[in-house]
Amino acid sequence: MKRLKLFLVLLLSVSVVMTFSIAAGGKKEAAPAEEEITIGISTDAGYSARKIEVIGIYQEAKKAGNVKVIEQNADNDSSKQLQQIKALVDQGVDAIVVCAVDMNAIQTALNYAAEKGVIVTLYDRFVDNPNVQFTGGYNSYTDGVLCANELLKFDDGQPHVVFELVGNLADTNALARRDGFHSVIDPHENLKVVQILTDWATDKALTGVKNALQKYPDVWGIYNASSHMDGSIQTALREAGKLYNYDEPGHVYWVSLGEEPPGPQIFKDGYVDVACDIPFDTMGEQIYKAIMKLYAGEELVSDKFFCKTWAIHQDEIDEKYDQMWAIRFADELK
Amino acid sequence: MQNPAAKTDKNHNEESFVHRVKRGAQITLSYIKNTPIVIMLVIVWIVFIFLSPNFLTANNMITLFVANAYFIVAALGETFVLISGGIDLSIAHTVTSSSLVSAIIMIDFQSAAVAAQVNPGTGAKISDPDWWDKITGGSTGVIQQEVTEAMAATAGETILIGLAVCIIVGLAFGIINGIAIGKFGVNPFIFTLATQLIARGISFVLSGGHSIPGIPEKLTKMSYAHGIPITENLIFPWVIIIVLTVVIIAGILLDKTKWGRYIKMVGSNAMAAKYVGINVPNVAASAYIASGLLAGIGGFISMMVLGTADVKLGDPLLLPVIGSIILGGISMKGGEGNIMNSALGILMFATIINGMTFLNLTIAMQQIILGSIFVIGMSALARLRKRRV
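Chains as they are written, first to last, in the working numbering: chain A, 2 to 335; chain B, 113 to 501.
Worth flagging that the hints you see were computed from the coordinates, not collected in a lab.
Incorrect hints may appear among the rest.
[Claimed, not checked] Listed next, the stretches of chain A that the computed footprint assigns to chain B, with coverage defined by at least 3 CB atoms under 8 angstroms from CB atoms of chain B: (1) 78 to 87; (2) 167 to 179; (3) 228 to 241; (4) 308 to 320.
For glycine and all other residues, C-beta sits at the position ideal for the given N, C-alpha and C.
Build out the structure end to end from the sequences listed, making use of the hints.
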């Protein structure tokens, strides 16, 4: 009985602490004089690029003063995202910004939002739904093509082995980056592509590259579909005695996409030849502008926006390194 | 003059009524004392009601149950296995693979059936983005109406085929697990980990990594548009009624049948169960088969809820399924617990996830709170079990 009482007291204290901490966390700022607009964001996951994608919304909202932003993270669970979107709508948001865990699984939630008069916008993943008013995305296929063309600049026509780090096969961006790369590389019969499946996980990337290096120690080039795995490649190459600077003999040509950390640093250190930088931060700003126009009842010039990926080479580091998104937002990524 | 015997009977009836109420209260109190999840659930509900005016609304309660419908059914399957003293790590990916196989077959069947009625020889599938253009041949008017009618006419049959396929796939995994673990005594952790990988691999091969759209609308509408009307704008969807029915049947099977008692006995002490004449390998195998069956049904329900066969469904499902029912009081050592415990654990987990979405907490904060509640719940259960010993 005594233990039960103790347990109850413990439970009650935790719930009181929880109540106050949640209440404090959710405390509203002073209400602005103007009409308040609330934007609800539902992201699929919380990694660094996702954080930067929506940073533009926060920046613009701060400038406006009367815009409140609520952000939720579905932790890669479509069912959770379904609930989150409905919860955002029930809380009375004026617009939702969704990065879909699954493009088909959120249809009912998007329809629910539209029925309640909420502006529906998406980013990263395109969803075929008439209620979607604006989508900001990436042309991952073109990004794959860009990386392949950059790698081909080093091709001397001799037979070579190229490692391709492929992302999660359930991710449409991973598939498009793969397909775009192959559309350019496959006609070049001198290049043998060895695919390394990573699931976007750095440990799998490390093991995969290590294993591949055992079979193909004379690897000539590497295409990394996401720069957050650059550290794994660097470690595997170092352990195999293959890590050389871009201007040293024995260097493995290396093209990396996205430029999430630690990509930029490894590029700066001279191991990556071409960094294909996706300016994730432009996404949020464009979405915000679209929402404000829709809120004001204006028509959009286009219901789509694509982030423009750009390539930076070793001879351009001094001039362009600071323009890479991960460098511009280094403080926010800490 | 009043008959003294009648007066005594009346007093006796009143006493027995009071006695029954007292006894009922004692049983309830004892149940609450021995089931910490009840107290935790009440506290969590009070906290969420206090913090969010949007939590306790009919709309949100329906969302809570609909969004967790397949999770509930899968967790029931895991309950059978855990009570029998085993563990089924393949359950989440069986849900995924059964839904994917079913979706592919449903789409193939309905595509062929509609094409046969309207426009044979196109070879187009409903899941193709340009299916509508292909099947109508770009025509409008009559042909579009014919396609719509053919879709509606074939929907019922397609859904039944889909259900049958889900059950078959689920049972197939259940039977494989059951035979290997129950009959041949393979370690359940290792074996179901292996079948999980097989199910996961099958899902990726079949889907090519994409979720599969094109599920009959009649099926998906059972989660939001078709059901028992409550108000003008609110319905009690069929999917909740289906899930409640599955919960009741599972409860009857586990708590009121000989088979259910055997499962508990095998989980509690397999050797003793063997000495009293129970066929332990068969009973253990049957728990995995039940788990597979419920995973298959869970896969079917997932298509109702999500409107797609989602290839990513499995990964975030497994740990919550096992964690929530253990939190409810199902012992990992087997033999202990019932469907009510399991249901309370599931409700607790679903409530926390749902409630926290209204509080706009970061995912990190949500995980800390969820983890803390698990720590408290598990500690309370452990203390309770120790006290009983």
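Hint by hint, here is what the structure shows:
no.	hint	result
1	78 to 87	holds (count 8)
2	167 to 179	holds (count 7)
3	228 to 241	violated (count 0)
4	308 to 320	violated (count 0)
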